[in-house]
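Line by line, the protein sequences give chains P and U. Count along the first sequence starting at 1, add 3, and that's the number in the numbering used here. Count along the second sequence starting at 1, add 28, and that's the number in the numbering used here.
These aren't lab readings, by the way, just hints derived from the structure by calculation. For each residue, glycine too, the CB sits at the ideal point set by N, CA and C. A few of these clues could be false.
Restricting the straight-line Cα-Cα distance to at most 16 Å, the calculated cross-link-like pairs of lysine to aspartate or glutamate (EDC-like) are [to be verified]:
{"no.": "1", "chain 1": "U", "residue 1": "LYS805", "chain 2": "P", "residue 2": "GLU268"}
{"no.": "2", "chain 1": "P", "residue 1": "LYS280", "chain 2": "U", "residue 2": "GLU679"}
{"no.": "3", "chain 1": "U", "residue 1": "LYS805", "chain 2": "P", "residue 2": "ASP263"}
{"no.": "4", "chain 1": "P", "residue 1": "LYS72", "chain 2": "P", "residue 2": "GLU149"}
{"no.": "5", "chain 1": "U", "residue 1": "LYS341", "chain 2": "U", "residue 2": "GLU440"}
{"no.": "6", "chain 1": "U", "residue 1": "LYS805", "chain 2": "P", "residue 2": "GLU269"}
{"no.": "7", "chain 1": "U", "residue 1": "LYS811", "chain 2": "P", "residue 2": "GLU149"}
{"no.": "8", "chain 1": "U", "residue 1": "LYS811", "chain 2": "P", "residue 2": "GLU269"}
{"no.": "9", "chain 1": "U", "residue 1": "LYS594", "chain 2": "U", "residue 2": "GLU649"}
{"no.": "10", "chain 1": "P", "residue 1": "LYS45", "chain 2": "U", "residue 2": "GLU317"}
{"no.": "11", "chain 1": "P", "residue 1": "LYS280", "chain 2": "U", "residue 2": "ASP677"}
{"no.": "12", "chain 1": "P", "residue 1": "LYS192", "chain 2": "U", "residue 2": "ASP738"}
{"no.": "13", "chain 1": "P", "residue 1": "LYS45", "chain 2": "U", "residue 2": "GLU154"}
{"no.": "14", "chain 1": "U", "residue 1": "LYS808", "chain 2": "P", "residue 2": "GLU149"}
{"no.": "15", "chain 1": "P", "residue 1": "LYS192", "chain 2": "U", "residue 2": "GLU557"}
Covered by chain U, per the in silico footprint, the following chain P stretches (three or more residues, Cβ under 8 Å) [what the hints assert, rightly or not]:
{"no.": "16", "segment": "128-142"}
{"no.": "17", "segment": "186-193"}
{"no.": "18", "segment": "201-209"}
{"no.": "19", "segment": "241-255"}
Beta-carbon label-pair distances, calculated as ranges [as the list claims (entries may be wrong)]:
{"no.": "20", "chain 1": "P", "residue 1": "TYR11", "chain 2": "U", "residue 2": "TRP193", "range": "54 to 62 Å"}
{"no.": "21", "chain 1": "U", "residue 1": "ALA815", "chain 2": "P", "residue 2": "ARG232", "range": "46 to 54 Å"}
{"no.": "22", "chain 1": "P", "residue 1": "SER13", "chain 2": "U", "residue 2": "PHE53", "range": "48 to 56 Å"}
{"no.": "23", "chain 1": "U", "residue 1": "TRP193", "chain 2": "P", "residue 2": "ASN58", "range": "52 to 60 Å"}
{"no.": "24", "chain 1": "U", "residue 1": "PHE53", "chain 2": "P", "residue 2": "ILE41", "range": "55 to 63 Å"}
{"no.": "25", "chain 1": "U", "residue 1": "ILE816", "chain 2": "P", "residue 2": "ILE41", "range": "36 to 44 Å"}
{"no.": "26", "chain 1": "P", "residue 1": "SER13", "chain 2": "U", "residue 2": "GLU108", "range": "31 to 39 Å"}
{"no.": "27", "chain 1": "P", "residue 1": "GLY208", "chain 2": "U", "residue 2": "PHE792", "range": "39 to 47 Å"}
{"no.": "28", "chain 1": "P", "residue 1": "TYR11", "chain 2": "U", "residue 2": "ARG105", "range": "53 to 61 Å"}
{"no.": "29", "chain 1": "P", "residue 1": "TYR11", "chain 2": "U", "residue 2": "CYS32", "range": "26 to 34 Å"}
Chain by chain, the residues:
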Amino acid sequence: MIPQSFQYESPGTLEEAIKLLHQYGEEAKILSGGHSLIPMMKLRFATPEVLVDINNIPGLSHIVEENGKMKIGGLTRESELEHSAALAKIFPIFKDVTKLIADPQVRNRGTIGGNLAHGDAANDHPAVMLALNATVIATGAEGSREIPIDEFFFGFYSTALQFGEILTEIQIPIPPTGTGSAYHKLERKVGDYATAGVAVQITIGDDGIVKAAGIGLTNVNPTPLRAVRSEQALIGKPLTEHSIAEAALYASEDCSPSADLRGSEEYKRAMVAVLVKRMIHEAANRASNN
Amino acid sequence: MNKCKTSKEIGGMGHSLKRKEDIRFIQGKGHYVDDIKLPGMLYMDIVRSPYAYAKIKKINIEEAMKVPGVVAVVTGRDLEKYNLHWMPTLMSDTQMVLPTDTVMYQAQEVAAVIATSRYAARDGREAVKVDYEKMKPVIDPYKSMDPDAPVLRTDKAGKKDNHIWHWEAGDKAKTEAVFASADVVVKEQMHIPRIHVASIETCGCVADYDKINNHLTMYMTTQAPHAIRTVIALVAGHVGLTEEKIRVISPDIGGGFGGKVPVYPGYVIAIAVSFLVGKPVKWIEDRSENLQADSFARDYHITAEMAGTKDGKILATRFKILADHGYTDASANPSKFPTGMFSIATGSYDYDTSYMECDAVYTNKPPGGVAYRCSFRVTEAVHAIERMTDRFALEIGKDPADLRMENFIKKEDFPWKSPTGWIYDSGDYHKGLLKAMDAVGYWELRKEQAEKRKKGELMGIGLSTFTEIVGAGPSKDFDILGIKMFDSAEIRVHPTGKAIARFGTKSQGQGHETTYAQIIAEELGIPAENIQVEEGDTDTAPYGLGTYASRSTPTAGAAAAMASRKLVAKARKIAAYLLEVSEEDLEWEPGKFWVKGAPEKSKTIQEIVFASYTNHPQGMEAGFEATHYYDPPNLTFPSGAYICVVDIDKETGGIHVRRFVAIDDCGNIINPMIVQGQVHGGLTQGIAPAMYEELIYDEDGNILNGTLMDYLVPTAVESPSWETGHVITPSPHHPIGAKGVGESPTVGAPPAIANAIVDALSPFGITHLDIPITPAKVWKALKDKGAI
Numbered sequence: 004m005i006p007q008s009f010q011y012e013s014p015g016t017l018e019e020a021i022k023l024l025h026q027y028g029e030e031a032k033i034l035s036g037g038h039s040l041i042p043m044m045k046l047r048f049a050t051p052e053v054l055v056d057i058n059n060i061p062g063l064s065h066i067v068e069e070n071g072k073m074k075i076g077g078l079t080r081e082s083e084l085e086h087s088a089a090l091a092k093i094f095p096i097f098k099d100v101t102k103l104i105a106d107p108q109v110r111n112r113g114t115i116g117g118n119l120a121h122g123d124a125a126n127d128h129p130a131v132m133l134a135l136n137a138t139v140i141a142t143g144a145e146g147s148r149e150i151p152i153d154e155f156f157f158g159f160y161s162t163a164l165q166f167g168e169i170l171t172e173i174q175i176p177i178p179p180t181g182t183g184s185a186y187h188k189l190e191r192k193v194g195d196y197a198t199a200g201v202a203v204q205i206t207i208g209d210d211g212i213v214k215a216a217g218i219g220l221t222n223v224n225p226t227p228l229r230a231v232r233s234e235q236a237l238i239g240k241p242l243t244e245h246s247i248a249e250a251a252l253y254a255s256e257d258c259s260p261s262a263d264l265r266g267s268e269e270y271k272r273a274m275v276a277v278l279v280k281r282m283i284h285e286a287a288n289r290a291s292n293n
Numbered sequence: 029m030n031k032c033k034t035s036k037e038i039g040g041m042g043h044s045l046k047r048k049e050d051i052r053f054i055q056g057k058g059h060y061v062d063d064i065k066l067p068g069m070l071y072m073d074i075v076r077s078p079y080a081y082a083k084i085k086k087i088n089i090e091e092a093m094k095v096p097g098v099v100a101v102v103t104g105r106d107l108e109k110y111n112l113h114w115m116p117t118l119m120s121d122t123q124m125v126l127p128t129d130t131v132m133y134q135a136q137e138v139a140a141v142i143a144t145s146r147y148a149a150r151d152g153r154e155a156v157k158v159d160y161e162k163m164k165p166v167i168d169p170y171k172s173m174d175p176d177a178p179v180l181r182t183d184k185a186g187k188k189d190n191h192i193w194h195w196e197a198g199d200k201a202k203t204e205a206v207f208a209s210a211d212v213v214v215k216e217q218m219h220i221p222r223i224h225v226a227s228i229e230t231c232g233c234v235a236d237y238d239k240i241n242n243h244l245t246m247y248m249t250t251q252a253p254h255a256i257r258t259v260i261a262l263v264a265g266h267v268g269l270t271e272e273k274i275r276v277i278s279p280d281i282g283g284g285f286g287g288k289v290p291v292y293p294g295y296v297i298a299i300a301v302s303f304l305v306g307k308p309v310k311w312i313e314d315r316s317e318n319l320q321a322d323s324f325a326r327d328y329h330i331t332a333e334m335a336g337t338k339d340g341k342i343l344a345t346r347f348k349i350l351a352d353h354g355y356t357d358a359s360a361n362p363s364k365f366p367t368g369m370f371s372i373a374t375g376s377y378d379y380d381t382s383y384m385e386c387d388a389v390y391t392n393k394p395p396g397g398v399a400y401r402c403s404f405r406v407t408e409a410v411h412a413i414e415r416m417t418d419r420f421a422l423e424i425g426k427d428p429a430d431l432r433m434e435n436f437i438k439k440e441d442f443p444w445k446s447p448t449g450w451i452y453d454s455g456d457y458h459k460g461l462l463k464a465m466d467a468v469g470y471w472e473l474r475k476e477q478a479e480k481r482k483k484g485e486l487m488g489i490g491l492s493t494f495t496e497i498v499g500a501g502p503s504k505d506f507d508i509l510g511i512k513m514f515d516s517a518e519i520r521v522h523p524t525g526k527a528i529a530r531f532g533t534k535s536q537g538q539g540h541e542t543t544y545a546q547i548i549a550e551e552l553g554i555p556a557e558n559i560q561v562e563e564g565d566t567d568t569a570p571y572g573l574g575t576y577a578s579r580s581t582p583t584a585g586a587a588a589a590m591a592s593r594k595l596v597a598k599a600r601k602i603a604a605y606l607l608e609v610s611e612e613d614l615e616w617e618p619g620k621f622w623v624k625g626a627p628e629k630s631k632t633i634q635e636i637v638f639a640s641y642t643n644h645p646q647g648m649e650a651g652f653e654a655t656h657y658y659d660p661p662n663l664t665f666p667s668g669a670y671i672c673v674v675d676i677d678k679e680t681g682g683i684h685v686r687r688f689v690a691i692d693d694c695g696n697i698i699n700p701m702i703v704q705g706q707v708h709g710g711l712t713q714g715i716a717p718a719m720y721e722e723l724i725y726d727e728d729g730n731i732l733n734g735t736l737m738d739y740l741v742p743t744a745v746e747s748p749s750w751e752t753g754h755v756i757t758p759s760p761h762h763p764i765g766a767k768g769v770g771e772s773p774t775v776g777a778p779p780a781i782a783n784a785i786v787d788a789l790s791p792f793g794i795t796h797l798d799i800p801i802t803p804a805k806v807w808k809a810l811k812d813k814g815a816i
């Protein structure tokens with residue numbers, strides 16, 4: 004990598020890191036796993052003057068169940084999510100998604116916080132977080148605040164994180180029994196961004212009625228997209244081929260993909276429909292075994 | 029598999045010796061160009077054009093010169109003063125080193141920044157400001173010959189269009205007659221995509237000019253160090269760099285695949301700068317530069333036709349090609365063969381009528397095309413014939429395996445003269461295909477396919493039964509820039525019986541240090557582990573044309589055997605002298621002479637070698653050395669029978685390669701493990717253009733996939749579990765019966781995959797899809813046919 008020269012800071016505490024961010028302002032970028040930032044610096048698309056490396060700050064990497072929530076530290080590596088028994092039990096979707104992110108070397112460095120804070124609709128975790136109704140904890144000079152995931156993604160590379168804030172934790176409500184989740188993306192080859200990706204979490208009551216549904220879409224919209232009409236098409240009734248087909252259709256209509264080397268707009272919409280259908284089936288299948 | 033004639037200790041042909049070179053490679057101790065650091069070394073980075081076609085109005089270097097560490101910025105105008113701004117290509121076309129007026133493709137070199145560190149050089153590059161005046165480029169080769177297309181090569185006096193050359197082979201009139209009267213004619217338009225070798229190591233060099241001694245040492249990533257030295261002497265001789273003053277050293281190379289045969293502008297700029305400033309200059313491309321600017325491969329637009337009878341006899345073929353060479357013909361073909369060996373496109377089938385022609389044109393794209401793991405356009409040829417064979421079978425409703433069996437050249441008919449004049453040396457195509465069909469369970473699969481079709485499921489079986497043509501080549505026909513395409517070996521056996529052997533070729537991962545040693549071990553009986561192989565230094569190695577086009581074993585491998593045989597002849601004389609018998613009374617087995625009828629009276633090769641230094645017969649030259657320059661009497665014709673099975677997800681177009689069986693005939697095998705490795709790598713590079721790789725340009729000539737994020741090189745994850753096997757028909761004219769294998773799988777795999785996919789889709793009336801065949805392309809084809 005031959006980037007533009009930059010200053011490197013490695014604070015040992017969150018306070019110190021936030022102070023540095025304030026000190027250097029717009030010139031500073033946070034270095035977490037670095038697997039979005041460093042390729043951009045290599046190509047000189049990003050030319051930060053200061054890197055604030057948060058990797059040596061303790062307390063930002065954890066996966067713990069507490070007060071009905073699964074709490075995941077922002078610095079938790081993809082490989083830790085991939086191999087976490089605690090997550091696998093309640094959220095099988097994490098194994099689905101992490102295995103589809105880049106390659107093992109990247110997953111050893113890349114973090115869930117970085118994946119979300121980058122604000123890229125092509126990243127995989129945003130859709131998953133939408134499906135799971137996560138809350139993002141952002142910590143700044145004034146302390147911590149909670150940001151519901153639906154209010155987190157603003158636009159291209161843009162999130163609700165304010166200047167001087169660090170994404171420190173993700174909190175996911177523990178769903179009731181009868182819940183299943185699943186994620187899949189179509190990719191041109193291993194490590195690619197999604198041609199289209201779909202995350203689904205669904206809760207089915209003992210009476211066979213869908214109690215809750217979360218559906219998030221990857222890389223088929225300028226921002227990570229919740230397929231609201233698709234969720235509504237499922238909730239409050241039994242899961243049928245008809246309701247699933249309806250959900251699939253709505254998602255393909257409500258997304259806004261752009262044609263690129265991964266495929267035409269028409270192809271991507273069709274793939275959203277196929278994946279919504281398949282992920283609902285997969286999630287429902289897992290729900291019934293839960 | 030051929031039987032081993034030597035013990036495991038000797039390790040001659042047929043033994044799966046572990047690769048000697050891997051001891052350093054697997055420990056990360058390979059020594060590549062970028063590992064070279066010389067005192068006072070400067071670093072070079074290259075400013076590249078953002079436009080495909082533009083006039084250079086001004087190059088402003090002021091800001092760049094202010095960057096700390098930058099010592100110089102070199103432009104075409106600077107090189108022009110020394111007449112170094114243009115250079116010849118290997119095809120006797122011309123290529124800019126740096127432009128003085130016009131850039132001809134996106135990512136073309138525009139200026140070079142020289143600095144005291146790699147980082148400063150890149151910072152300097154960012155600070156060079158170039159004013160361009162954009163012009164409308166020629167991107168579509170089909171439009172390059174339009175009357176209103178701009179003439180791109182205005183540097184060529186009198187050039188009125190963008191046509192480069194016309195080539196043809198076969199019998200046009202006879203072919204037309206057969207086509208006119210044939211029962212069945214099938215025709216498809218196909219594109220063999222523009223692709224890139226994308227070797228793991230990019231290109232680079234360290235040019236080290238010594239002013240005091242007027243001597244240039246050029247460390248560089250080249251597959252053909254000797255030829256490059258000659259080219260440098262031709263380009264720079266007029267400034268005093270004549271051939272004896274040039275030493276080219278090619279250290280370890282991290283993949284070449286044909287992409288490291290050409291001379292790139294960066295090499296020449298580095299030499300020029302080192303010459304002018306008297307310091308070593310290092311230039312190493314980054315990944316994007318490598319992908320965007322270095323020679324492409326393929327890019328043939330082919331109109332392919334086959335004529336035959338209703339019951340499946342192939343009568344004739346016809347191929348019309350449009351070759352997009354970019355802005356200059358920078359191929360690396362033998363001089364007399366502008367389309368390389370495309371005329372092997374008549375295939376493995378017994379018919380006598382074919383005609384093929386090619387027109388090459390200039391466009392505003394990077395120059396090329398190199399022979400990417402392919403003996404000069406054989407991949408294009410094999411794709412055309414193998415696709416059309418399946419197309420013909422589909423047309424008449426005959427199983428493509430049956431059709432092939434009925435049309436194959438029979439093994440007793442070798443040597444066989446092809447309609448375009450090649451003499452196929454040997455083969456047993458029936459045996460190869462039978463073996464592949466047995467391995468895959470062909471007829472069971474056809475039954476399964478029929479069942480699946482009833483249920484609406486898509487499954488396809490594709491065949492490719494190809495004939496390669498490698499080992500260029502016989503001196504009467506083959507040369508590059510006039511230098512005949514022989515290759516060489518020099519063996520020097522030391523008094524203690526250990527040897528060093530040097531070659532004109534250059535391994536880029538093929539395992540020459542092991543396989544050449546095995547050939548010599550086979551012939552001399554000196555253990556392979558005691559034979560050190562060296563290549564890549566023009567000061568020490570004998571002259572040769574280098575490693576590409578599967579030519580190392582057919583040429584330099586043969587030279588190793590022939591040089592060894594000269595040594596065995598000398599050894600016989602010494603043994604006779606030592607054992608006090610006549611030469612005729614001696615029997616030889618690799619490693620030992622003994623007296624007929626008295627096997628206890630013997631001399632080992634080691635004893636004989638020692639005697640050649642200590643006790644040789646009067647009148648005989650001392651020492652134990654031999655050199656051979658091998659001029660092959662013919663090319664070799666490896667062949668293969670490949671079968672691919674795919675399952676297609678109808679909803680997504682997703683393609684799953686379920687099975688891939690590859691039966692190769694590469695003649696006698698030197699090291700089965702290395703051959704298997706070659707086949708695995710080659711098949712993966714065959715699946716690449718079939719399903720993943722293509723360099724894509726928009727109408728302004730911008731490359732759309734200039735990084736490995738979007739130029740999709742398949743990995744182990746994308747590769748199916750390859751199933752390999754062999755049929756062996758030794759080459760009758762090669763000293764050790766070998767044919768070469770490096771390229772067969774890359775050449776043979778794409779049509780097997782394409783045929784399998786088209787076979788799966790054929791119930792919907794789909795007869796052809798251009799490679800790379802992606803899920804999106806399959807989905808669209810199904811959609812267009814109303815299948816989904």
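Do the hints match the structure? See the list:
no.	hint	verdict
1	LYS805/U with GLU268/P	holds (13 Å)
2	LYS280/P with GLU679/U	holds (11 Å)
3	LYS805/U with ASP263/P	holds (13 Å)
4	LYS72/P with GLU149/P	holds (14 Å)
5	LYS341/U with GLU440/U	violated (19 Å)
6	LYS805/U with GLU269/P	holds (12 Å)
7	LYS811/U with GLU149/P	violated (46 Å)
8	LYS811/U with GLU269/P	holds (11 Å)
9	LYS594/U with GLU649/U	holds (13 Å)
10	LYS45/P with GLU317/U	holds (13 Å)
11	LYS280/P with ASP677/U	holds (15 Å)
12	LYS192/P with ASP738/U	holds (10 Å)
13	LYS45/P with GLU154/U	holds (13 Å)
14	LYS808/U with GLU149/P	violated (45 Å)
15	LYS192/P with GLU557/U	violated (41 Å)
16	128-142	violated (count 0)
17	186-193	holds (count 4)
18	201-209	violated (count 0)
19	241-255	violated (count 0)
20	TYR11/P with TRP193/U: 54 to 62 Å	holds (56 Å)
21	ALA815/U with ARG232/P: 46 to 54 Å	violated (29 Å)
22	SER13/P with PHE53/U: 48 to 56 Å	violated (35 Å)
23	TRP193/U with ASN58/P: 52 to 60 Å	holds (59 Å)
24	PHE53/U with ILE41/P: 55 to 63 Å	violated (27 Å)
25	ILE816/U with ILE41/P: 36 to 44 Å	holds (41 Å)
26	SER13/P with GLU108/U: 31 to 39 Å	violated (50 Å)
27	GLY208/P with PHE792/U: 39 to 47 Å	holds (43 Å)
28	TYR11/P with ARG105/U: 53 to 61 Å	violated (40 Å)
29	TYR11/P with CYS32/U: 26 to 34 Å	violated (58 Å)
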